[in-house]
Amino acid sequence: MGLTAFHRFQDLAREENVVFYYSGYFSQAVVSAMGDALRQRLNSCDATNVTRRKLFSVFVEMAQNVVHYSADPLTASDDADHELRRGAMWVGECDKHFYVVCANPIAREAQPKLLAKLEPLRSMTLDEIKQRYKEKLRCEGEAGSKGAGLGFLTVARDASEPIEFDFVDEPDSATTLFYLKATL
Amino acid sequence: MQNVYLAATSATPEVDFRFDAHRLSLKGESYPENAQAFYGPLLDAASAYLAGSRGADIRIDVQLAYFNSSSTKLLMSLFELFNQAALSGNHVVVNWFHDEEDDTILEFGEEIAEDYPALELLTQALV
Numbered sequence: 001m002g003l004t005a006f007h008r009f010q011d012l013a014r015e016e017n018v019v020f021y022y023s024g025y026f027s028q029a030v031v032s033a034m035g036d037a038l039r040q041r042l043n044s045c046d047a048t049n050v051t052r053r054k055l056f057s058v059f060v061e062m063a064q065n066v067v068h069y070s071a072d073p074l075t076a077s078d079d080a081d082h083e084l085r086r087g088a089m090w091v092g093e094c095d096k097h098f099y100v101v102c103a104n105p106i107a108r109e110a111q112p113k114l115l116a117k118l119e120p121l122r123s124m125t126l127d128e129i130k131q132r133y134k135e136k137l138r139c140e141g142e143a144g145s146k147g148a149g150l151g152f153l154t155v156a157r158d159a160s161e162p163i164e165f166d167f168v169d170e171p172d173s174a175t176t177l178f179y180l181k182a183t184l
Numbered sequence: 001m002q003n004v005y006l007a008a009t010s011a012t013p014e015v016d017f018r019f020d021a022h023r024l025s026l027k028g029e030s031y032p033e034n035a036q037a038f039y040g041p042l043l044d045a046a047s048a049y050l051a052g053s054r055g056a057d058i059r060i061d062v063q064l065a066y067f068n069s070s071s072t073k074l075l076m077s078l079f080e081l082f083n084q085a086a087l088s089g090n091h092v093v094v095n096w097f098h099d100e101e102d103d104t105i106l107e108f109g110e111e112i113a114e115d116y117p118a119l120e121l122l123t124q125a126l127v
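Heads up: the sequence lines are chains A and B, in that order.
Numbered according to our numbering, the first sequence terminates at residue 184, and the numbering increases by one at each position without gaps.
Numbered according to our numbering, the second sequence terminates at residue 127, and the numbering increases by one at each position without gaps.
Be aware that one or more of the hints could be misleading.
As the list claims (entries may be wrong) - Here are the simulated DSS-like pairs of lysine-lysine, each with C-alpha atoms no more than 30 Å apart in a straight line:
1) B:Lys27 to A:Lys134
2) A:Lys113 to A:Lys96
3) A:Lys117 to A:Lys136
4) A:Lys134 to A:Lys117
5) A:Lys136 to B:Lys27
6) B:Lys27 to A:Lys113
7) A:Lys113 to A:Lys130
Unchecked claim - According to the in silico footprint, chain A covers these stretches of chain B (three or more CB under 8 Å from chain A):
8) 12-26
9) 89-97
What the hints assert, rightly or not - A few chain A positions that, by computed beta-carbon distances, are all more than 10 Å from chain B:
10) Leu12
11) Tyr21
12) Tyr22
13) Val31
14) Gly35
15) Asp36
16) Phe56
17) Pro73
18) Glu83
19) Ala116
20) Gly151
21) Asp169
No wet-lab data here; the hints were simulated from the structure.
Beta carbons are placed, not taken as given, at the ideal position from N, Cα and C, and that holds for glycine.
Next comes chain A alone, as it looks inside the complex (with noise of 0.2 Å):
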């Protein structure tokens, strides 16, 4: 690669008014060291506390999401803490709204259930994602999840707008690439 190339994504980058991307492997060393960076860009800015706390909880819910879910972990895969997983993420600022997006792969036939959870996200009124939370917070936690079984209604919850999403197939390869997108 030349430098030239390396212009090129600087200069597109300050186009798009990114605070900041990453791409690679996710831990939740890097997770922390990220959120605190993106603490320090919020407090010169004059977002309110309740913005800088929403994107803050939109950025660990999917960056941790990465760590415990991506489908290209180096970790053995039957470990549940110290996990780094590949995954790719941007954190934005589009006509004064932050937005953060996420790009991790998935196993290809996760993707229907994946589907099934995100959908329904997307048409809720925040009352509505709101209720369902709390029944979510008050059931067993589902097969399958590594945590509360919260995270995407966390997401949904904290975003101003319905959450983005899109499956692209990886040719040559048994996964798919998972993209979130929350805009604040």
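Following the hints, put chain B in place on chain A, whose structure we already have.
Below, chain B alone, put in the same frame as chain A:
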């Protein structure tokens, strides 16, 4: 009963459980990689403490500026334990601190009060 003290880290709150004084406090942020691994031992310690408590005046101060989704369920489990303790003859006050503008944290406190009515939960806005 051993008191528990854990200093805050970037992803875990300060834990100050002074069982001998019936004063417990959680302060900071909570987004550990594995919430069960962090809260499990704290739940065990609280259970052991409560097993021997009758008629105690217990105060829990919770000042969490942020907690992630996997921490929420474990926080609920913690309050469930203290609700049981309140039902079996202890008086439990929870001071639930929240940023005055932050409805999400306030609403979570209200959820706890609704689910665990034996707790005397006081929401306190931080100005």
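Next item on the list: Classify the label on phenylalanine 56 of chain A as holds or violated, using whether its beta-carbon is more than 10 Å from each beta-carbon of chain B.
Entry: Violated: least Cβ distance 6 Å, not greater than 10 Å.
Check: Does lysine 96 of chain A lie within 30 Å of lysine 113 of chain A when you go C-alpha to C-alpha?
Finding: It is violated: about 34 Å lies between the C-alpha atoms, which goes past 30 Å.
Next item on the list: Report holds if the minimum CB distance from tyrosine 22 of chain A to chain B is greater than 10 Å, and violated otherwise.
Entry: With a cut-off of 10 Å, tyrosine 22 of chain A remains clear of chain B, as the shortest Cβ separation is near 17 Å.
Check: If you draw a straight line from the CA of lysine 117 of chain A to the CA of lysine 136 of chain A, is it 30 Å or shorter?
Finding: holds, 13 Å
Next item on the list: Compute the least Cβ-Cβ separation between valine 31 of chain A and chain B, then decide whether it is above 10 Å.
Entry: At roughly 8 Å from the nearest Cβ of chain B, valine 31 of chain A sits no farther out than 10 Å, so the non-interface label is violated.
Notebook entry, point to check: Can we trust that proline 73 of chain A is non-interface, i.e. its beta-carbon lies farther than 10 Å from all of chain B?
Noted result: holds, 14 Å
Check: Are all C-beta atoms of chain B more than 10 Å from that of glutamate 83 of chain A?
Finding: violated, 7 Å
Notebook entry, point to check: Within 30 Å, alpha carbon to alpha carbon, are lysine 113 of chain A and lysine 130 of chain A?
Noted result: holds, 21 Å
Check: Would you say the stretch 89-97 of chain B counts as covered by chain A, given the rule of at least 3 residues with C-beta under 8 Å?
Finding: violated (count 0)
Notebook entry, point to check: Once the closest CB in chain B is found, is it more than 10 Å from aspartate 169 of chain A?
Noted result: Label holds. Min Cβ-Cβ 28 Å, cutoff 10 Å.
Item checked: Non-interface label on alanine 116 of chain A, tested against every C-beta of chain B at 10 Å -> holds, 19 Å
Note to self: Please check whether the beta-carbon of aspartate 36 of chain A is more than 10 Å away from every beta-carbon in chain B.
What the structure shows: With a cut-off of 10 Å, aspartate 36 of chain A comes too close to chain B, as the shortest Cβ separation is near 6 Å.
In the structure shown, a violation is registered for the earlier hints numbered 2, 6, 8, 9, 13, 14, 15, 16, 18 and 20, in ascending order.
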